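Chain A is already provided as a structure; the job is to place chain B with the ligands on it using the hints.
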Amino acid sequence: MTQPRKRRDDQTALARLTDELVECIHCGLCLEACPTYVELNREEDSPRGRIYLMRSVAEGRAALDGSMLHHLDVCLGCRACETACPSDVKYGLLLEHTRTHIEEAAHRPVWQRLGRRLLMEVFTHSATMALAMFFATLPSRLLRNPPSAPGGIVSRIMGAHGDGGNLRLERFPSPRPSRLQRLTPAAGGKKLRVGLLEGCVMPVLFPEVNMATVRVLSKLGCEVVVPSGQGCCGALHVHNGYGRQAARMALRNMAVFEAAQCDVIVVNSAGCGSTMKEYAGLFPEGSPEREQAAAFSAKVRDVSEVVAALLEQTELKPVEMTVTYHDACHLAHGQKIRSEPRRMLSAIPGLQLVDLPESDHCCGSAGVYSFTQPDMAVRLLKRKVTNIESTGAEVVATGNPGCQMWIRSGLKLEGSSVRALHPIEIVDLALDGATTSGDSPSRH
Amino acid sequence: MDVDRKGSPSIMLPSADTRTAPGETASNTALVRDLAAIVGSENVCSTTAERMVYESDGFTMARRRPAAVVHPASTAEVQAIVRLAASRGIPFVARGAGTGLSGGAMAPPGGIIISLTRMRRILDIDLRNRRLTAEAGVVNLKVTQAVAAHGLHYAPDPSSQSACTLGGNVAENAGGPHTLKYGVTVNHLLGLKMVLPCGELLDIPGETEDNPGYDLPGLITGSEGTLGIVTEVTVRLTPLPQKTWTALAVFETITDATRCVSSIIAAGIIPAALELMDANVIQAVEAAFHFGLPLDAQAVLIIELDGLEAGLDELGARVRGICESHAVRELRIARDEAERTALWMCRKKAVGSLGRLAPSHCTQDCVIPRSALPEVLEKIGQIARDFDLRIANVFHAGDGNLHPIVLYDDRDEEQVQRVLECNAAIVRACVEAGGTITGEHGVGVEKLEFMPLIFSDADLATMDRVRAAFDAQGLCNPGKLLPGGGGCADLVLNKKAAV
Ligand SMILES: Cc1cc2nc3c(=O)[nH]c(=O)nc-3n(C[C@H](O)[C@H](O)[C@H](O)COP(=O)(O)OP(=O)(O)OC[C@H]3O[C@@H](n4cnc5c(N)ncnc54)[C@H](O)[C@@H]3O)c2cc1C
Ligand code: SF4
Ligand code: SF4
Chain A
20 MTQPRKRRDD QTALARLTDE LVECIHCGLC LEACPTYVEL NREEDSPRGR IYLMRSVAEG
80 RAALDGSMLH HLDVCLGCRA CETACPSDVK YGLLLEHTRT HIEEAAHRPV WQRLGRRLLM
140 EVFTHSATMA LAMFFATLPS RLLRNPPSAP GGIVSRIMGA HGDGGNLRLE RFPSPRPSRL
200 QRLTPAAGGK KLRVGLLEGC VMPVLFPEVN MATVRVLSKL GCEVVVPSGQ GCCGALHVHN
260 GYGRQAARMA LRNMAVFEAA QCDVIVVNSA GCGSTMKEYA GLFPEGSPER EQAAAFSAKV
320 RDVSEVVAAL LEQTELKPVE MTVTYHDACH LAHGQKIRSE PRRMLSAIPG LQLVDLPESD
380 HCCGSAGVYS FTQPDMAVRL LKRKVTNIES TGAEVVATGN PGCQMWIRSG LKLEGSSVRA
440 LHPIEIVDLA LDGATTSGDS PSRH
Chain B
901 MDVDRKGSPS IMLPSADTRT APGETASNTA LVRDLAAIVG SENVCSTTAE RMVYESDGFT
961 MARRRPAAVV HPASTAEVQA IVRLAASRGI PFVARGAGTG LSGGAMAPPG GIIISLTRMR
1021 RILDIDLRNR RLTAEAGVVN LKVTQAVAAH GLHYAPDPSS QSACTLGGNV AENAGGPHTL
1081 KYGVTVNHLL GLKMVLPCGE LLDIPGETED NPGYDLPGLI TGSEGTLGIV TEVTVRLTPL
1141 PQKTWTALAV FETITDATRC VSSIIAAGII PAALELMDAN VIQAVEAAFH FGLPLDAQAV
1201 LIIELDGLEA GLDELGARVR GICESHAVRE LRIARDEAER TALWMCRKKA VGSLGRLAPS
1261 HCTQDCVIPR SALPEVLEKI GQIARDFDLR IANVFHAGDG NLHPIVLYDD RDEEQVQRVL
1321 ECNAAIVRAC VEAGGTITGE HGVGVEKLEF MPLIFSDADL ATMDRVRAAF DAQGLCNPGK
1381 LLPGGGGCAD LVLNKKAAV
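From first to last, the protein sequence lines are chains A and B.
Sequential numbering from 20 applies to the first sequence in the working numbering.
Sequential numbering from 901 applies to the second sequence in the working numbering.
So here's chain A without its partners, still in its complex pose (with noise of 0.2 Å):
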């Protein structure tokens, strides 16, 4: 494409923006909260910046050029930036519709874009992803190393600068996901009928995780149907610049949650979550596809709410521990959500729940970030490890499994002692559960 036509195409695609690129006033309110800016301490490198360079294309005074495409690729999307905005800017929204005209413009190199592609269907895919994995895994396997997988090839696919090193696991992979029953009987009187997302990381990585949801939200008076012909939330998709077929994928999980007339629909992973009750936003106004996502994305709850309100009518059984919360960004920032898994936590006797300085501050993992900018997603990784032995705690708690696996792993490479669980494991625990990941893992 010639340049000047390819900046008349920028323009168009971005001035579809105007009205939100407006809201924001320059004030400037954001940038300490934007982790990348505490970092680089650059305008370019902040929320305000980014909006600006989007409000030039949006403009026609600037071409999305190689520069503009680093600034905003740097960006981890973690949206701590709405958080701190007084003029309600929806960065998250922007960010979505200029990634998605730079994957559709074809911006970067063929070879660029096929490595994206690619390692969105693995990541999205959890039969593909547990092969993957497991393949991943068996040279620290056959080396008799501790479970590791090189995270560097990965970052090189993506064409990104720098390596993030090797990914430290808890566990050699199976390479088969553990799936969950269909559906699991409330244990007591029935309080509600809860339809469980299961996700594409969680049953290859985290199977206990998802296990001790089931349980926990089962003793608890739920009924847990998972229903099956659900597939990926399209998180991946959307953050990455592939809103067609993050379109598709919610019209499906939409179906599929529908035909199995829950209550509500409980997702135990903060990125899954923030996507699901957005599903609206994939669709043009007017639309009935829409409407229809609107009312699903209603029902969406993390299951920090639902447990959090369950829990306070139940007994628990002490767990002494000493804890500290991780704010996953798609929870604190993409829905607000920060109260009801400290309530939870703090509802257990004999657990001590401490402050983590700086708790909503992204880790790096953000979605394929760690791998597409290594050496941003290390700098924060090292940066939230400090600040979690600083607080003394045995165990951080995060609500999302991104965070939990690059914290889990960033806690192993400095030789910390420090556990990273998700909080529903805790509650689990405390309702007389199984053993949690840290300890040897649970199979079904």
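Since the hints were made in silico from the structure, they are not lab data.
As the structure is a prediction and not an experimental result, all values here were calculated from the model.
Positions of the beta carbon are idealized from the N, C-alpha and C atoms, including for glycine.
The reader is advised that the hints may include incorrect statements.
Unchecked claim - One side of the interface only, derived from the structure: several residues of chain B facing chain A at Cβ under 8 Å:
| # | residue |
| --- | --- |
| 1 | Thr947 |
| 2 | Ala949 |
| 3 | Gly958 |
| 4 | His971 |
| 5 | Thr975 |
| 6 | Ala976 |
| 7 | Gln979 |
| 8 | Thr1017 |
| 9 | Arg1021 |
| 10 | Val1039 |
| 11 | Ala1063 |
| 12 | His1190 |
| 13 | Gly1255 |
| 14 | Pro1259 |
Stated by the list, open to error - Heads up, incomplete: computed chain B residues facing chain A, CB under 8 Å, no partners named:
| # | residue |
| --- | --- |
| 15 | Cys945 |
| 16 | Met952 |
| 17 | Val953 |
| 18 | Tyr954 |
| 19 | Thr960 |
| 20 | Gly998 |
| 21 | Arg1018 |
| 22 | Arg1020 |
| 23 | Asp1024 |
| 24 | Ser1060 |
| 25 | Ser1062 |
| 26 | Asn1087 |
| 27 | Gln1142 |
| 28 | Ala1217 |
| 29 | Lys1249 |
| 30 | Gly1252 |
Chain B with the ligands alone, transformed into the frame defined by chain A:
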């Protein structure tokens, strides 16, 4: 005060962009290379996209793209950069967080921006003497956070305190809601290090309270970056009050509220803060935060008292009495810290929430004698009717620091023109009432044309000479603060071209 222009129009200074847009000229490349030799290439912004985002600060009605942006990490690096610029005759400007509301941190023509944001270390905390030394890029709020555990805080609290830097605060002599009792930046600055426009270092240690000779920190505070580049400051730490009493007073008319303000001060009470929000603001804030503000009231006051526990409730009772004598409809006292925080959030995010009433807004910043509040507010109401525009008022009533906010739609060119004229009318009305043209946002480029309204030729010439004593070459933030300063006549906002 708060935010400024909502989604302001894309206004350009005459020919500013064309001058620097092509960017990668030969001299530019050489400049970038030499700057990189000082700070490392990763700390120089040179691409179009990178330079573009520094076109303006929080005042977006004027913009100019810098030739380069350089991010030093030490005073020595700042000196080297300034020496390089001085030797080549390249103008330069310091930039903190870019939250300024008068265009002060905009690049001079062909100039470079020296960004202080990497200099964000707190260097020394001296609890015994209640003093803290920090680099200029440290964010205001971080100072309070660093000492809060010791029962101390840094008193100047601009609404932008979560983002703005100490260097920017010094340059603008920033204040906030609590400056009524605690004073503005200049009252809390003990010492500083500043790189002079020739590259020499001015170092005023601030170890003792009283220094002989000229009060240079006093002169530098509020100089809007025209006398040099501040790299370190030593500030005073203030004990946190033992107890706080915060109330919301609801009034049927704005005049009742403003008279009440005068009476409180006249009674010899110095509240920690005394803020007013009018009906337009109440509506927007209520829509955003659901605090339970009465939608039919014409004005509310946020009154905060603080100090020793003993006697505070009695003082509160006196304030209640004064409010009652001014026909207060309701006086609600915050029961706990959570309620107090919620009330302050309404206030500090008030301007941001005005986006709910109109697509764009534009904040004025004038100070008038407190006693003139009722009359000037009425006048502003009249101006709004004359120009057929809606104006919201949220301001530091205790200081008489007004922030009339004009609501409009920046996509309508005719309206934009009206807004500019309306703003000028407001400034004139304030000056006529014995006031001045800016309280805390500074002159920058925004208020340049109004300087002759309050200063005589002799005043301005004296200021020009002070400036020249620091900056003989006229390279340090030229075209700001003083109308004639730096000889950059083209910096006066071209309002016709602006639309
Ligand atoms: C939402 C919002 C609310 C605000 N509320 C208030 C308020 O309540 N009270 C108030 O007083 N102001 C307020 N402001 C204005 C602004 O935040 C202050 O003027 C602040 O002091 C600017 O700091 P900064 O670091 O952003 O400086 P910048 O905007 O980067 O620069 C401002 C000026 O200072 C100069 N400067 C910056 N750093 C240095 C340095 N190291 N050495 C020399 N000169 C330097 C620049 O050249 C420029 O002229 C508000 C702004 C916003 C956007
Ligand atoms: S999403 Fe996160 S990384 Fe991106 S601009 Fe916002 S705060 Fe910064
Ligand atoms: S806080 Fe909101 S309005 Fe202010 S600069 Fe950031 S995104 Fe823009």
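Now the hints, each set against the structure:
1. Thr947: holds (4 Å)
2. Ala949: holds (4 Å)
3. Gly958: Constraint on glycine 958/B satisfied, holds at 6 Å.
4. His971: holds (7 Å)
5. Thr975: violated (17 Å)
6. Ala976: Where the cut-off is 8 Å and the nearest Cβ of chain A is about 18 Å from alanine 976/B, the hint is violated.
7. Gln979: Where the cut-off is 8 Å and the nearest Cβ of chain A is about 20 Å from glutamine 979/B, the hint is violated.
8. Thr1017: Holds - the Cβ of threonine 1017/B comes within 8 Å of chain A, reaching about 4 Å at its closest.
9. Arg1021: Violated, because the Cβ-Cβ distance from arginine 1021/B to chain A comes to roughly 12 Å (cut-off 8 Å).
10. Val1039: With Cβ-Cβ at 6 Å, under 8 Å, it holds.
11. Ala1063: Hint on alanine 1063/B: holds, closest Cβ of chain A at ~5 Å, below 8 Å.
12. His1190: violated (14 Å)
13. Gly1255: holds (5 Å)
14. Pro1259: holds (7 Å)
15. Cys945: Nearest chain A Cβ about 7 Å off; hint holds.
16. Met952: holds (6 Å)
17. Val953: holds (4 Å)
18. Tyr954: Constraint on tyrosine 954/B satisfied, holds at 6 Å.
19. Thr960: holds (5 Å)
20. Gly998: holds (6 Å)
21. Arg1018: holds (5 Å)
22. Arg1020: holds (7 Å)
23. Asp1024: violated (21 Å)
24. Ser1060: Cβ of serine 1060/B sits 7 Å from chain A, so the hint holds.
25. Ser1062: holds (6 Å)
26. Asn1087: violated (25 Å)
27. Gln1142: With a minimum Cβ separation of about 24 Å from chain A (threshold 8 Å), the hint on glutamine 1142/B is violated.
28. Ala1217: For alanine 1217/B, the interface hint is violated, since the closest Cβ of chain A sits about 34 Å away, which is over 8 Å.
29. Lys1249: With Cβ-Cβ at 4 Å, under 8 Å, it holds.
30. Gly1252: holds (2 Å)
The structure shown violates the earlier hints numbered 5, 6, 7, 9, 12, 23, 26, 27, 28.
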